[in-house]
Structures are given as structure tokens and as C-alpha cells.
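Colleague: Put chain B on the given structure of chain A with help from the hints.
Protein chains in written order, with my numbering: chain A, 1 to 211; chain B, 1001 to 1546.
Everything labelled a hint here was simulated from the structure, so no lab data went into it.
Keep in mind that the hints are not guaranteed to be accurate.
[Claimed, not checked] Here are some, though not all, of the chain B residues that point toward chain A, as calculated from beta-carbon distances under 7 Å:
1) 1010
2) 1292
3) 1320
4) 1322
5) 1375
6) 1380
Just so it is clear, the structure is predicted and the values come from calculations on it, not from any experiment.
Beta carbons are placed, not taken as given, at the ideal position from N, Cα and C, and that holds for glycine.
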Amino acid sequence: MITRLEAVGITKSYWRGCWPRRQQLPVLRGADLVVGVGEVVGLVGENGSGKSTLMKILVGDLAADGGRLHISGRMGYCPQEPVLYERLTCDEHLELFGVAYGMPYEAAAAATEDLYQALGFGHWRGTRAEALSGGSRAKLNLALALLADPEVLLLDEPYAGFDWDTYERFWELTAARRSAGRSVLVISHFVADHERFDRIVELRDGRTGPQ
Amino acid sequence: MNGLANLVGRQGVLAYARRPLNVALLVVVPILIVFVWAGALADFSKVILGGAGDRAQVEAATAGWAAAALAGLAGFFQVIGSRSPDRRLAAAGGHSAPIAAGRLGATFGLAVLATVGGLTALAARTGITDPPRAVAATGMVAIIYLAFGVLVGTVVRSEMNGALLITLLWVFDIFLGPALGPDSSLLTRFFPLHFPTLVLIGQASGHAGPIGDVGWSIAWALGLAAVATARLAGMIRPTPPPNTPVAAIAAPAPSALLRQAVAVARSATPTRTRPLSSSQRWIAVLRAGLREYRRNLVLWALLVVVPAVFIGMAILVTVDVPGPIALVEGNQNFVALLSQRRMHAATMVPITSAFLAGIAGLFVVTDSADGDRRLVLAGLRTKQVLAGRVGVIAAATALTTVAAIAVSGLWYAPRQWLVFAGANLLIALTYAVIGVLVGPITGRIGGLYLILMLAFIDVGLGQSVMLPEGPPTWGAFLPARGASQVMIDGAFTAGFDRIRALLLGLAWLAALGAAATAVFHRRTRAVKLRQNVVVDPGIDTRGDDQ
Chain A
1 MITRLEAVGI
11 TKSYWRGCWP
21 RRQQLPVLRG
31 ADLVVGVGEV
41 VGLVGENGSG
51 KSTLMKILVG
61 DLAADGGRLH
71 ISGRMGYCPQ
81 EPVLYERLTC
91 DEHLELFGVA
101 YGMPYEAAAA
111 ATEDLYQALG
121 FGHWRGTRAE
131 ALSGGSRAKL
141 NLALALLADP
151 EVLLLDEPYA
161 GFDWDTYERF
171 WELTAARRSA
181 GRSVLVISHF
191 VADHERFDRI
201 VELRDGRTGP
211 Q
Chain B
1001 MNGLANLVGR
1011 QGVLAYARRP
1021 LNVALLVVVP
1031 ILIVFVWAGA
1041 LADFSKVILG
1051 GAGDRAQVEA
1061 ATAGWAAAAL
1071 AGLAGFFQVI
1081 GSRSPDRRLA
1091 AAGGHSAPIA
1101 AGRLGATFGL
1111 AVLATVGGLT
1121 ALAARTGITD
1131 PPRAVAATGM
1141 VAIIYLAFGV
1151 LVGTVVRSEM
1161 NGALLITLLW
1171 VFDIFLGPAL
1181 GPDSSLLTRF
1191 FPLHFPTLVL
1201 IGQASGHAGP
1211 IGDVGWSIAW
1221 ALGLAAVATA
1231 RLAGMIRPTP
1241 PPNTPVAAIA
1251 APAPSALLRQ
1261 AVAVARSATP
1271 TRTRPLSSSQ
1281 RWIAVLRAGL
1291 REYRRNLVLW
1301 ALLVVVPAVF
1311 IGMAILVTVD
1321 VPGPIALVEG
1331 NQNFVALLSQ
1341 RRMHAATMVP
1351 ITSAFLAGIA
1361 GLFVVTDSAD
1371 GDRRLVLAGL
1381 RTKQVLAGRV
1391 GVIAAATALT
1401 TVAAIAVSGL
1411 WYAPRQWLVF
1421 AGANLLIALT
1431 YAVIGVLVGP
1441 ITGRIGGLYL
1451 ILMLAFIDVG
1461 LGQSVMLPEG
1471 PPTWGAFLPA
1481 RGASQVMIDG
1491 AFTAGFDRIR
1501 ALLLGLAWLA
1511 ALGAAATAVF
1521 HRRTRAVKLR
1531 QNVVVDPGID
1541 TRGDDQ
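Only chain A is shown next, with the shape it has when bound in the complex:
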């Protein structure tokens, strides 16, 4: 299997409390994870198991204490809570992130139109983020991660704010990406449709293993 993402022996602890009652709280104790080309992998675990910590380490938002990580290709990240500029419109968000990804304006504009249609929120394109509904914010959040067509897409609890229609669209989009050789890692505390994943990995006691 050709790998897109390989994490080996990732460890991470948080420090809690003040001296002299300061305590080390280990969250990840050597987590391993491999995502191959064209694979859709689910990472599940109970609340507080360290899923979001692992996700932040994978995307470079948090430093690990130890371990090794190899990523091949561009990575897209969709955080659990939409991270948006409240007074910018959907169009302006996609334009700005197109620049961040290094996309020429024409390509970013074309990808933007496709994403509006694929996710069905084009009629909100001129609306500021602060005025969007929760569902539309979730769609914009996802669209920002998808804009540059990343080889590896990491999604943290992606469908928490989706309605049923968006949920269906999301999985069709994921299937299309798999067909195009793109990899997807979905982190969630709850997986309902096992058949949609190629593999499901469980995070328990800071270590990963098959579910």
C-alpha cells in the first residue's frame, strides 16, 4: 500500500494544576496511524480519548512530545468547530483561503463554484459568516478544507452540524475523492456507516488499534 500519511509512536501529555500539585496527564502513549492512497479511514474513540489531540498533531496545530510523522502531498484540515472570520462573506473566505493554498485566482474561483454546487450553499455566497446558520457554517468550514483538493483530507467530527442532505452530499463527495486517489481521515466519537470506510481505527488508552 502506498501511504499518504504515516504516524508512528506519537506521544503527548498535558500538564494540569499549579506547582506543587502539578500533574502530568498522558493523552497519547504511542499512537500509530497509516492512511494509504485512495483510502477512507475512520478514527474513533470515546470522548476524551485524545482524538482531537492526535488530529491537531497531524495537521501541525500542536507539538507532539515524541514520535515520527510522514505526510506525502498537501493536507486539508477541517476543524471540529468552524474557524471563520465573522465579518467576511463565504466568497471572501474562499478567495482568501485560495490565496493561502497558493491557487491562482481563476482556479480558486472555479473550485469555489464547484464546491457551492456540490455542498449546496451557493445562495449564501454573499452572506457574512456571522449571519450564517449552523449548517451553512459547517459547509463553509468543510469547503475551506476541500478548496485546494488536498491529497489528504483530515476531518474532525465533520458532520456534527450537517443536516441529512448535507450528510449524504458529504459521503458522495468522499466517495468521489476516493475514486480520484485522494485520502480521507475522519475523526469521530461515533461511526454509524461502517461500510463507507475502508478501515476504522480505534484510539483507546492513548494507543491505536483496529476496532
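Modeller: Just chain B now, kept in the frame of chain A:
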């Protein structure tokens, strides 16, 4: 019902106590205002505003001012922080009255805490000569600002805008009020603390009519409390459900979804050969930042209206008598006699623009922190994001400085426009950088008060040429010293003689700028390159500046 009210009230006070900043303010604000500011404010009152400058009176009033600041903010945060949960609680139980009563009980408890804080500081500093009057008047002041805080909390959606609104009213109330000023302005009599302050310092206004100063104070307290209560109850009350049938809305069919999704994958592919330049990237961040800032109407109003009102009113209330000022002309030091009003017009410009520019720096970096981090994770370099944010802050700083200079210049034109404007811009930029520096460390609310205090202590007192002995020695260690000397040179002399002062101001700006850059970089950068991580994108994703 009473049980629910008690529970809401108790939990409201506990929630206040659990926020470390609140506890810190409860201790720091009375100490700072009563212990540190009182003497300087008395001098300020006597020399600049033409007030009595009675130190005992000013000290007595500071207890009330500390209570007002604490109570106003406590009421505001109590209401704005519980707006949604309170509405949900009311919807769950169907009764809004006990929740409103509980919330008001909590805010009243906080007013008591604020009163005790102010009076304790006063008792420790000077003792309290007339305890019943001091307790009653300080309590009324606390209730007035508490009610104002609650009122703002029911109207304003943004924590920052609300806190700023309360702070600005407080600043106007204090500096233009009867304890500091000569009480000759009709306009200042309509400020909420006008009559309570007179009661607090034991001075009769002579214009209170039959109900007297105490009567007006009680009327202000009860009137504002009644309006705040009505607004709070209205905010908590659940909206009745609509009973008009709603037509079903058909969801769009995802017919061509697969084709579109593949098109997304294909359309993005050519981007990998033509990366954007670094300048295109930071300009995109700047453009987006300016769009965002332009849409925050409250900030725009603050940047333009506050200089106009603050400087205009300060000029109006200043007694126009001659005062000594140390100047340098042709390398010769001399003391000139100039109009106090003219001096105040010039010195109010850096105070106002420093505070507002500091707030602009603070707002911009804290409002965009999470989004900026996501932009960096998406591929932008930290320095490109920082360059865009600096552009926004510089634009806001220039705007507020120009507004302040224009207002002051309309009254009294500086002798050297360019030097005067440049020095003020230097001070404002220095404080904008301080805002960028403290924002990630203290958060928005802590940063707001830090900038307010620092701007007042440094630019307002530490560099004041209007104090009897001139600028105090300790002011030499604060950021505005060099640029303030250049500003005075530009305002009152015909030639530029302050090269060393200019270099000192620029050095402060450079040092603070380096510190702010380091803090911004540390908070925004991606951490993957610090680990044993290999990223092999196979393409250049970060522009052409590598």
C-alpha cells in the same frame, strides 16, 4: 420559583468569581485608582481643569470611581455571558421572572462587592471621615454603573464593544465630572455620576432644585435600575411560537454531485505549477482584514467620534490661563508661558490616539487569532499573515491619529504640522504595537484595561508638561517619553530640535515591535517543523520568498 431565583443568583456570583480576570480586577482596580491615581488626579484637576484640586475630595471620590468601574463591567459580563442560557432556562421552565430576579440578585451582589472593594481601599489609604455618607454614595455609584452595565449587556452583542462603551462613559464621567473639573459646564451635569460624585465628596451643587443632590442621585440609581430590569426581563422572556403554517421547502437534488466533485479535484490540479508571490499573499490578507474592519461599525465610530468628543470636551472644560512650559529652540532651553487650553489641546491628541490605536491593535490580533492560525496551517507564512494584520492596524492608527490631530488643529494649529503629526503617529503606532503584544497574553478584556491604564499613566501623566514640576522623572522609563518631547517641539516651537528624543521614540517602537512579532509568531505558527516530521508536498506551497 424562589428556589430558581436563588440558584441563578448564587451561580451568577460563583461564575464571576471563577473568572481569574474578575478577581484580579476586584483587587487591582481599587488599589490602582485609590492608591496610585488619586494624587496625580488631584494635581491634574488643579492645574489643567481648574478644579479645586482638593486631594481629600479626590481621594473620597476615587472609592466611588473604583466601584463604578467594577460594577459596570461585572453587570455587563454577567448579562452578556448568560444571555443564551437564561433564555433557554426560561423556555424550559416557562417562567422568566425568577431567572431575571436571580440574575439581578447576582448583579446586586457584585455591586456590593465592588462597593466594598472601593471603600476598603479608601479606608486603607486615608480612612473614611463620614462612613454613612461614603457607604451610601459609593453604593449608589455602584448601582448606577451596574445598571448601565446590565443595560449595555442586553443591547450589545460583542463583549469588546460593550466593555469599551462602559469604559468610555466612565472616562468621561470621571474626567469631566465635578470632583476633577470646575463644574461650570451645563453638559456634564447630565452625566450619571455628576450628582452622586458631589454627594460622595460632600459638596453641594447649587443646581439640584428641590429634590437636592441626594434626590437626583437616588433618581439616577433607581431610574437606571428600573430600565435595566425591564430590558433584562424582556431579553430573557421566551418568544411565543408562531402559529402560521409554513410551507415545506424542497431540498435541491444532488443529481450532478459526483461530476461536480470530480471537477473540484481536477480544477485544483493546475494550481500546483504557479504559486502566488509572497506579496500577493500578504496583500490578500490585508484586503480581507480591511474588509472585516470596515464592517465593524462600532470601531469606526470609536476611531473617529471619540477623538472629536474627547478632545473637544477636554478643550472646552480647560481653564484658559497662562502656564509655564519647558521648550527647546535652536538648542537653547527656555521656559515659555502659554495658554493652558492650547497646551491641553495638543497633549490630548497623543492620549486619545494612543488609547484608540492600542485598542485597534488589540482587537485586530485577538479577533483574527483562530482564523490566522488556520491560514498558516493552510499554507501562508506567519510573516505574510502578520504583514497583512500590521497593514490593517496601521490604517486604523493613521485614521484615529488624523482625526485627533484635525480636532485639535481646528482649535490651535501646531507650529510644525509635520513634526506634530509624525510624533503623534509614532506614539499611536507604539501603542498599537503594545495592543498586538498584550492581546495574545492577556486576552481582549485584560488587554483593554491594561492599555487604558498604561496610556493614561504614560502619555497622560508620565509625559504631561502641564504638571507643576513638568513631566515626572519616572516617565522617562515609559514608551511615550521620546515621541512626546518631539510632539511638544512640533506643537510649540518653529524649528525641530529633538533628534535624540525622536531616536528614543523609534527605539521604543522597534523594541516593542520585535517583541510583538515574536509573540504573534509564537501564537500563529504551525508547529510541525519543530517535530520529527517529514512533509513532502511535492510542490511549492508557500510563495516565492523561500
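Colleague: Hint by hint, where does the structure go against what was stated? Just the numbers, ascending.
Modeller: Of the numbered hints given earlier, those the structure breaks are 1, 3, 4, listed in rising order.
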